[in-house]
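My request is simple: use the sequences and hints to build the entire structure.
Residue numbers (my numbering), protein chains in the order written: chain A, 1 to 221; chain B, 1 to 221.
Incorrect hints may appear among the rest.
All copies of an identical chain are treated as equivalent in the list; a pair is satisfied when it fits inside any one copy or across any two copies.
Restricting the straight-line Cα-Cα distance to at most 27 angstroms, the calculated cross-link-like pairs of lysine-lysine (DSSO-like) are [unchecked claim]:
id: 1; residue 1: Lys81; residue 2: Lys148
id: 2; residue 1: Lys148; residue 2: Lys36
id: 3; residue 1: Lys148; residue 2: Lys38
id: 4; residue 1: Lys137; residue 2: Lys38
id: 5; residue 1: Lys137; residue 2: Lys123
id: 6; residue 1: Lys81; residue 2: Lys36
id: 7; residue 1: Lys38; residue 2: Lys202
id: 8; residue 1: Lys122; residue 2: Lys137
id: 9; residue 1: Lys122; residue 2: Lys148
Rather than coming from a laboratory, the hints here were simulated on the basis of the structure.
Number of protein chains: 2
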Amino acid sequence: MDAMLDTEGKETSATHGAYRRLREMILTGELPPGQKLKIEQLRGLLNTGASPVREALSLLTSDMLVERIDQRGFRAAPVSKCNFEEILLLRCNLEETALRASIANADAAWEDRLVLRHHHMKKASQNGAHDFEDAHKAFHMALLDNSKLPLLLRYCSQLYDLNIRYRYLAAGGSSYKKRDIAAEHHHILDAALDHEADSATKHLIDHYRRTGEYLSSQMDS
Amino acid sequence: MDAMLDTEGKETSATHGAYRRLREMILTGELPPGQKLKIEQLRGLLNTGASPVREALSLLTSDMLVERIDQRGFRAAPVSKCNFEEILLLRCNLEETALRASIANADAAWEDRLVLRHHHMKKASQNGAHDFEDAHKAFHMALLDNSKLPLLLRYCSQLYDLNIRYRYLAAGGSSYKKRDIAAEHHHILDAALDHEADSATKHLIDHYRRTGEYLSSQMDS
DNA sequence: ATGTCAAATAATATCGATATTTTTGGAGAT
DNA sequence: ATCTCCAAAAATATCGATATTATTTGACAT
Chain A
1 MDAMLDTEGK
11 ETSATHGAYR
21 RLREMILTGE
31 LPPGQKLKIE
41 QLRGLLNTGA
51 SPVREALSLL
61 TSDMLVERID
71 QRGFRAAPVS
81 KCNFEEILLL
91 RCNLEETALR
101 ASIANADAAW
111 EDRLVLRHHH
121 MKKASQNGAH
131 DFEDAHKAFH
141 MALLDNSKLP
151 LLLRYCSQLY
161 DLNIRYRYLA
171 AGGSSYKKRD
181 IAAEHHHILD
191 AALDHEADSA
201 TKHLIDHYRR
211 TGEYLSSQMD
221 S
Chain B
1 MDAMLDTEGK
11 ETSATHGAYR
21 RLREMILTGE
31 LPPGQKLKIE
41 QLRGLLNTGA
51 SPVREALSLL
61 TSDMLVERID
71 QRGFRAAPVS
81 KCNFEEILLL
91 RCNLEETALR
101 ASIANADAAW
111 EDRLVLRHHH
121 MKKASQNGAH
131 DFEDAHKAFH
141 MALLDNSKLP
151 LLLRYCSQLY
161 DLNIRYRYLA
171 AGGSSYKKRD
181 IAAEHHHILD
191 AALDHEADSA
201 TKHLIDHYRR
211 TGEYLSSQMD
221 S
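Structure below.
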């Protein structure tokens with residue numbers, strides 16, 4: 001009955017709740033890169049036991065958001081320009097593969113999903129930045145998920161998350177909106193709906209390279 | 001003092017020991033795909049506590065060798081022809097990227113490492129299959145690691161392991177030796193030493209495709 | 001016989017406590 | 001003053017026990 005007397009009964013398991021919360025905190029920079037993650041400290045922050053915290057940290061290790069130093073605990077993964085550039089490189093490579101495969105499998109149901117996700121993203125952009133982030137990721141993943149390649153999708157999702165972390169760290173997570181992102185998304189969507197693989201991948205990669213250059217320039221601080 | 005009274009004092013932490021052992025058992029098929037991994041059962045097998053076992057299983061989840069079913073424990077990752085083909089596809093893609101980057105960074109130290117690893121692999125092929133496996137992986141990773149792209153290397157290593165799992169499952173881990181693997185390795189090595197990226201990647205991918213076809217044909221059981 | 005529901009069983013998830021290990025801080029020697 | 005080494009403190013890793021949750025078993029009604 002201990003697990004139920006906190007604010008609400010929203011999460012199923014304490015581990016999963018801790019995982020979600022810690023992930024959020026690392027992605028947004030609330031837990032800064034390189035910071036030591038002491039079990040006791042987090043135990044207090046999430047008011048749960050040591051076991052769920054430990055297990056959540058273990059899971060975050062898979063996502064490369066947390067580093068485990070044998071016998072010396074955990075810490076938030078460090079960041080570097082090098083690391084950022086590798087993420088960008090891999091995303092371009094893997095997402096191109098995934099998008100082309102998605103288009104090769106194109107069918108009406110997928111196109112419907114795309115249009116829907118795109119619509120939701122537009123709507124969410126008027127709400128908070130947090131809602132937009134979720135919808136934005138959903139749109140991008142929808143572009144790729146018709147590839148039916150679960151491993152590849154997993155990698156793309158991981159790299160996506162690692163990338164938005166840099167966005168948050170560089171600019172509080174919203175300044176990139178200044179550019180005309182909406183138009184870029186439209187280009188990608190239209191090309192995908194027309195099954196034009198070359199054009200779609202070109203727009204997608206340009207989309208990433210542009211944000212990449214912007215962030216890279218900001219990173220010499 | 002409980003952790004020290006087993007056979008020897010070989011491993012640093014109980015978690016890491018359990019991780020290594022479980023990984024081995026899943027890769028070799030000793031723990032068959034899809035098998036339920038009960039904590040109690042494993043606790044007995046590894047004679048350690050429940051916490052290290054749980055944590056080891058969490059870590060293996062990152063490697064995609066174990067699946068976590070929320071609130072319902074863990075099980076060895078299932079296998080399928082589909083999954084195998086995806087692994088092959090991704091390996092060809094990612095290793096080509098890594099190998100080209102490695103060659104682009106080529107220097108004498110790297111060439112020395114390659115030659116050495118290749119030599120060790122040849123020597124190890126006379127020993128047990130287990131030694132050869134290790135040396136074989138070391139050689140292949142040495143081909144890639146001069147890319148200086150840690151994320152990419154991590155993915156390649158993961159996919160390598162997933163792949164050898166299929167090899168063990170299909171043929172007990174040694175029948176693939178019948179083909180003239182030594183010659184294939186030599187082609188790759190020579191091309192890499194000559195910095196011929198196109199040739200090296202071609203030989204590498206052929207190497208994988210060939211084992212892939214062999215395993216794929218064996219998999220309709 | 002078969003399907004459904006409830007009690008019994010088994011397994012997981014979590015907690016609190018303990019043993020190890022790492023880190024810190026300070027006393028003594030050079 | 002600075003360095004080394006040892007003791008105190010803190011943090012991690014691990015254990016054993018308990019509370020929760022899933023699964024099985026068997027009785028009852030159809």
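Report task. Against the structure, test the hints numbered earlier, and report the numbers of the ones violated in rising order. Result -> Violated hints: 3, 4 and 7; rest satisfied.
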